[in-house]
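Listed here are the chains, written in short residue letters.
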Amino acid sequence: MTDSQSSDAFVAFDRVQKSYDGETLVVKDLNLSIPKGEFLTMLGPSGSGKTTCLMMLAGFETATHGKILLDGVSINNIPPHKRGIGMVFQNYALFPHMTVAENLSFPLEVRKIGKSDREAKVKRALDMVQMGNFGGRRPAQLSGGQQQRIALARALVFEPELVLMDEPLGALDKQLREHMQFEITNLAHDLGITTVYVTHDQTEALTMSDRVAVFDDGRIQQIDAPDTLYESPTNSFVAQFIGENNTLSGVVKKMSDGFCQVELDDGEVIDCKAVNVSEVGERTQVSIRPERVEYDKSRLKSGTHTIKAEVLEFVYMGDIFRTKLRVAGNDDFVIKTRNAPDQRRLKPGETIEIGWLPEDCRALDAR
Amino acid sequence: MSDTTQSGPVLAADGTPLKKSLQKALRAQKLRALALVAPLLIFVLVTFIAPIADMLFRSVENQIVSRTLQNTVVALEDWDAEGGEAPGEAVYEALYWDMFLAAEAKEHTRLGTRLNYEQTGVSSLFRGTGRGVDDIGEDQIDALEDLNEAWEEESFWYELMTGGDGAAKDGSQLSAARERLSTLTTDSYRGNVGFEPGAEISALLPRTVSEYATFAVYTVFVEEDVVAEEEPWEAVKVALIEELKAGADLSGYSGPGAEELRAAQEMLADQPDIDYKAAFLKEDKDWGSIPVWQTIKTYSPPFTSGYFLNAVDLQKTVDGVEARPETQQIYIMLFQRTLFMSLVIMGSCILLGYPIAWILANLPVRTANLLLILVLLPFWTSLLVRTSAWKVMLQQQGVINDVLVWLGMVADESRLVMINNQFGTIVAMTHILLPFMILPMYSVMQTIPPTYLRAAKSLGATNWTAFWRVYFPQSVPGIGAGSILVFILAIGYYITPEIVGGTTGTFISNRIAYHISSSLNWGLAAALGSILLAAVLILYWAYDKIVGIDNVKLG
Chain A
3 MTDSQSSDAF VAFDRVQKSY DGETLVVKDL NLSIPKGEFL TMLGPSGSGK
53 TTCLMMLAGF ETATHGKILL DGVSINNIPP HKRGIGMVFQ NYALFPHMTV
103 AENLSFPLEV RKIGKSDREA KVKRALDMVQ MGNFGGRRPA QLSGGQQQRI
153 ALARALVFEP ELVLMDEPLG ALDKQLREHM QFEITNLAHD LGITTVYVTH
203 DQTEALTMSD RVAVFDDGRI QQIDAPDTLY ESPTNSFVAQ FIGENNTLSG
253 VVKKMSDGFC QVELDDGEVI DCKAVNVSEV GERTQVSIRP ERVEYDKSRL
303 KSGTHTIKAE VLEFVYMGDI FRTKLRVAGN DDFVIKTRNA PDQRRLKPGE
353 TIEIGWLPED CRALDAR
Chain B
89 MSDTTQSGPV LAADGTPLKK SLQKALRAQK LRALALVAPL LIFVLVTFIA
139 PIADMLFRSV ENQIVSRTLQ NTVVALEDWD AEGGEAPGEA VYEALYWDMF
189 LAAEAKEHTR LGTRLNYEQT GVSSLFRGTG RGVDDIGEDQ IDALEDLNEA
239 WEEESFWYEL MTGGDGAAKD GSQLSAARER LSTLTTDSYR GNVGFEPGAE
289 ISALLPRTVS EYATFAVYTV FVEEDVVAEE EPWEAVKVAL IEELKAGADL
339 SGYSGPGAEE LRAAQEMLAD QPDIDYKAAF LKEDKDWGSI PVWQTIKTYS
389 PPFTSGYFLN AVDLQKTVDG VEARPETQQI YIMLFQRTLF MSLVIMGSCI
439 LLGYPIAWIL ANLPVRTANL LLILVLLPFW TSLLVRTSAW KVMLQQQGVI
489 NDVLVWLGMV ADESRLVMIN NQFGTIVAMT HILLPFMILP MYSVMQTIPP
539 TYLRAAKSLG ATNWTAFWRV YFPQSVPGIG AGSILVFILA IGYYITPEIV
589 GGTTGTFISN RIAYHISSSL NWGLAAALGS ILLAAVLILY WAYDKIVGID
639 NVKLG
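Here the protein sequences come in this chain order: A and B.
To convert, take the position in the first sequence, counting from 1, and add 2; that gives our numbering.
To convert, take the position in the second sequence, counting from 1, and add 88; that gives our numbering.
A hint or two may mislead.
Between beta-carbon pairs, the in silico distance windows are [stated by the list, open to error]:
{"#": "1", "chain 1": "A", "residue 1": "G116", "chain 2": "B", "residue 2": "V564", "range": "20 to 30 Å"}
{"#": "2", "chain 1": "B", "residue 1": "G636", "chain 2": "A", "residue 2": "L193", "range": "53 to 63 Å"}
{"#": "3", "chain 1": "A", "residue 1": "Q132", "chain 2": "B", "residue 2": "L431", "range": "34 to 44 Å"}
{"#": "4", "chain 1": "A", "residue 1": "N79", "chain 2": "B", "residue 2": "V564", "range": "31 to 41 Å"}
{"#": "5", "chain 1": "A", "residue 1": "K117", "chain 2": "B", "residue 2": "V473", "range": "55 to 65 Å"}
{"#": "6", "chain 1": "A", "residue 1": "K117", "chain 2": "B", "residue 2": "T591", "range": "52 to 62 Å"}
{"#": "7", "chain 1": "A", "residue 1": "R126", "chain 2": "B", "residue 2": "V564", "range": "27 to 37 Å"}
{"#": "8", "chain 1": "A", "residue 1": "P81", "chain 2": "B", "residue 2": "Y582", "range": "46 to 56 Å"}
{"#": "9", "chain 1": "B", "residue 1": "I637", "chain 2": "A", "residue 2": "G172", "range": "53 to 63 Å"}
{"#": "10", "chain 1": "A", "residue 1": "K117", "chain 2": "B", "residue 2": "L431", "range": "35 to 45 Å"}
{"#": "11", "chain 1": "A", "residue 1": "K117", "chain 2": "B", "residue 2": "G636", "range": "26 to 36 Å"}
Simulated coverage check for chain A against chain B, where a stretch passes if three residues somewhere in it have a Cβ under 8 Å from a Cβ of chain B [unchecked claim]:
{"#": "12", "segment": "86-92"}
{"#": "13", "segment": "104-115"}
Cβ-to-Cβ under 8 Å is the rule here; a few derived chain A residues that face chain B [stated by the list, open to error]:
{"#": "14", "residue": "H83"}
{"#": "15", "residue": "P98"}
{"#": "16", "residue": "R156"}
{"#": "17", "residue": "F261"}
Calculated from the structure, these hints are not laboratory results.
The structure presented is a predicted model; accordingly, all values stated were derived computationally and were not measured.
Note that beta-carbon positions come from the ideal geometry of N, C-alpha and C, so glycine has one too.
With these hints in hand, go ahead and build the complete structure from the sequences.
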């Protein structure tokens with residue numbers, strides 16, 4: 003984790019650990035710094051420690067060890083209500099006994115802001131999420147998407163510099179979710195607020211974030227911009243977790259200048275980019291993205307090494323074809339091809355030659 | 089498919105109208121549902137609705153006066169209750185007929201007890217008079233029997249009243265007698281009497297025949313004897329004497345006993361009239377007391393508001409409704425005390441129960457279940473034991489006082505009085521009713537997600553503000569449900585106030601129980617109970633108006 007403790011960090015986790023039972027660590031040695039204005043997503047499977055990190059930042063959980071800094075000040079001992087962090091909860095947590103306007107007014111009232119000021123701010127916040135006419139409604143009278151907007155407006159109405167979102171779109175249907183993803187990112191960038199967003203949905207993470215921190219087993223596995231994360235995963239967990247991925251296992255035979263040769267389990271030798279291997283003889287998992295695999299000779303660079311593959315299944319998905327192959331003993335090797343006019347449709351049982359660029363084939367750790 | 093183009097009712101596949109076919113399909117379901125509900129419905133009707141209806145009826149029912157004193161009540165209608173004079177001879181004569189029959193049927197003591205609720209002393213008046221009523225007119229009866237021993241013979245009387253074999257009969261007096269007796273005792277008097285009045289004698293001596301018929305019906309159905317073998321009551325002879333003296337025209341009479349009747353009429357002409365008023369006054373001078381007669385007249389209608397008036401410390405007099413003397417006022421104070429103490433108990437239950445329910449709702453399930461068992465533990469102990477335990481704790485030589493004395497906080501000679509007063513009742517009942525407050529609160533609080541509190545805090549609210557503005561309003565339905573439960577249970581509580589309440593800590597229900605089991609004034613008990621029921625319903629209605637019953641949740 004290269005960027006820990008940079009001096010311009012707005013939010014920083016410094017060697018933070020968290021244990022609930024005193025026996026196992028839920029968060030292990032977390033170092034993370036978030037510059038002002040960044041949209042950072044914590045992505046990971048459930049139980050990976052991402053929500054715990056968010057709760058420690060919000061102040062609802064205390065760190066067992068380490069420091070959490072906000073704008074350079076340690077907030078470990080500051081109670082949640084004094085941190086001034088806006089938060090959007092998974093199920094919105096709109097107060098059911100208050101109207102929408104009262105919900106929005108609540109953070110302003112506890113800050114002892116005058117009535118006229120309050121009303122102006124509530125109105126502005128409601129307009130911001132295009133819910134200007136809904137001030138008199140109760141949360142129960144709103145649809146899921148509308149509640150989501152109100153929850154967002156409530157988290158923003160007192161103008162916090164940092165907003166935390168805990169899987170806020172989890173309860174929405176796909177279309178609405180995509181729309182809200184777009185709105186939330188726009189709003190966050192327009193207002194220039196720092197956002198920490200927790201999700202287990204990788205598409206959401208990739209589309210919304212400036213940077214994504216991939217969590218697993220209480221650690222950040224990789225933290226990078228979405229494109230880097232997708233195209234250059236640094237370990238096989240990230241490669242597996244982000245997007246679709248083909249894995250071939252083998253042993254490193256030769257290493258040279260950032261590249262290596264890997265002998266697959268069936269004896270085939272391929273060229274790979276050496277990402278997470280250090281010595282000859284080490285076991286490795288080779289990761290290849292399905293859309294980077296070619297079987298059409300004309301599209302392959304001349305001299306590219308090809309290997310044999312047997313077509314097991316062909317699925318027509320409209321915009322793309324998804325074909326399942328058996329490659330080097332792996333029955334789950336998937337390739338995706340664009341539905342172009344000249345694209346050949348493969349038939350099950352057919353044997354083909356497939357190939358890829360050595361840069362797209364990354365030798366990672368064997369998990 | 090022709091369904092859409094078809095005119096007329098839509099038909100099912102087999103040609104029957106669709107509506108009919110649907111009804112048929114649903115009927116079985118409805119019947120099944122009803123059959124499942126029926127046992128409980130019947131049970132509730134029989135054991136709950138019916139007793140309540142009976143209680144409401146009893147609280148206004150007052151037929152005993154008009155049923156027992158059938159003639160007197162009619163005669164009293166003309167009496168001016170406020171005139172300051174006792175009623176005239178006619179009322180006393182009517183009283184004689186009523187009292188005589190009531191004393192024979194032993195109904196007069198019940199009436200005496202009933203009227204005693206309104207006027208002290210009436211019970212013994214009726215009891216004493218019942219014993220002596222057959223002495224009235226004994227001089228004249230003796231004279232009659234001295235004249236001819238036949239007047240003591242049962243067979244002679246039977247012969248006289250039936251008019252002999254083969255004579256024309258008139259059954260109207262007999263059915264009137266059945267009616268009179270069944271009104272008095274509400275028993276059934278259907279069946280063969282073995283006696284039917286003769287038509288001629290009925291026309292000649294109607295009063296005598298009427299009394300004899302009553303005697304006959306009573307003898308057959310109550311005493312299970314044969315009419316012809318029993319000597320008639322004194323009342324029959326008095327009726328005969330009255331009618332003979334009043335100049336019954338015997339000249340055309342030739343039936344059985346004609347000779348004896350003429351001789352008797354002749355003899356009786358020299359005898360003095362029976363003075364009923366004097367006779368009753370001789371039995372008991374209270375018969376001349378105007379308040380006694382006022383009470384009888386006031387309570388002669390079959391329905392009365394008297395019990396309800398009593399239940400709110402008022403009384404019914406001939407002048408209308410007025411307040412009871414202050415020394416007799418008790419019920420208003422008891423109602424007020426019951427309401428006040430129930431509210432205090434409810435309040436203490438809220439104060440004690442809320443934190444417990446909160447902790448229960450916020451603990452992990454396993455621990456919460458364990459604590460919940462502790463909350464429910466009192467339910468597994470007998471109510472009597474729990475209440476008695478408080479007696480051990482609170483009495484002057486009890487555990488708490490001992491500890492306080494031992495600690496030196498209270499001097500030995502000035503031990504605290506904590507039982508047999510309001511304090512004891514409030515403490516014991518709060519303890520007993522606490523689970524009824526905790527359980528609904530707990531189940532409501534369980535449904536409030538902790539994220540609300542977190543959300544409030546993240547929005548800048550302190551712990552207190554977050555609780556008061558966000559958590560508390562959502563827990564109000566639980567408080568409402570618990571309060572209604574505890575309040576309604578408390579307002580009708582009996583055992584605990586009875587044991588630890590002493591004199592100052594008892595409830596209205598203790599008074600109701602007293603009237604049910606000791607004073608036997610069920611009418612008043614029913615009126616008090618009805619008022620209690622109405623009070624609960626009114627409070628429930630008020631709660632619905634103010635808080636809204638939709639706001640009550642049990643989970």
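These are the hints, each one checked on the structure:
1. One distance hint, 20 to 30 Å for the beta-carbon pair G116/A and V564/B, holds here, with the actual separation near 29 Å.
2. For the hinted restraint 53 to 63 Å between G636/B and L193/A, the CB-CB distance of approximately 41 Å leaves it violated.
3. As the Cβ distance of Q132/A to L431/B is approximately 50 Å, the hint placing it in 34 to 44 Å is violated.
4. In this structure the supplied range 31 to 41 Å holds for N79/A paired with V564/B, their Cβ-Cβ distance being about 34 Å.
5. Between K117/A and V473/B the beta carbons are some 58 Å apart, a value that agrees with the proposed interval 55 to 65 Å.
6. The hinted range of 52 to 62 Å is satisfied by K117/A and T591/B, whose Cβ atoms lie roughly 57 Å apart.
7. At about 32 Å, the CB distance of R126/A to V564/B agrees with the hint of 27 to 37 Å.
8. Distance hint check: the CB atoms of P81/A and Y582/B are about 51 Å apart, consistent with the given range 46 to 56 Å.
9. The hinted range of 53 to 63 Å is not satisfied by I637/B and G172/A, whose Cβ atoms lie roughly 36 Å apart.
10. Distance hint check for K117/A and L431/B: the Cβ-Cβ separation is about 37 Å, which falls inside the suggested range of 35 to 45 Å.
11. Taking the beta carbon of each, K117/A and G636/B are about 28 Å apart, inside 26 to 36 Å as hinted.
12. Figure legend: the segment 86-92 of chain A, annotated as covered by chain B; annotation consistent (6 residues with Cβ-Cβ distances under 8 Å, at least 3 required).
13. A count of 4 residues in the segment 104-115 of chain A with a Cβ less than 8 Å from any Cβ of chain B is obtained; the coverage claim is therefore met, three being the minimum.
14. Using the Cβ-Cβ criterion of 8 Å, the hint placing H83/A at the interface with chain B is satisfied: the shortest such distance is roughly 5 Å.
15. Using the Cβ-Cβ criterion of 8 Å, the hint placing P98/A at the interface with chain B is satisfied: the shortest such distance is roughly 7 Å.
16. A least Cβ separation of about 7 Å between R156/A and chain B falls short of the 8 Å threshold, and the interface hint therefore holds.
17. The interface hint given for F261/A is violated, since its Cβ lies 50 Å from the closest Cβ of chain B, which is over the 8 Å cut-off.
Of the numbered hints listed earlier, those contradicted by the structure are 2, 3, 9 and 17.
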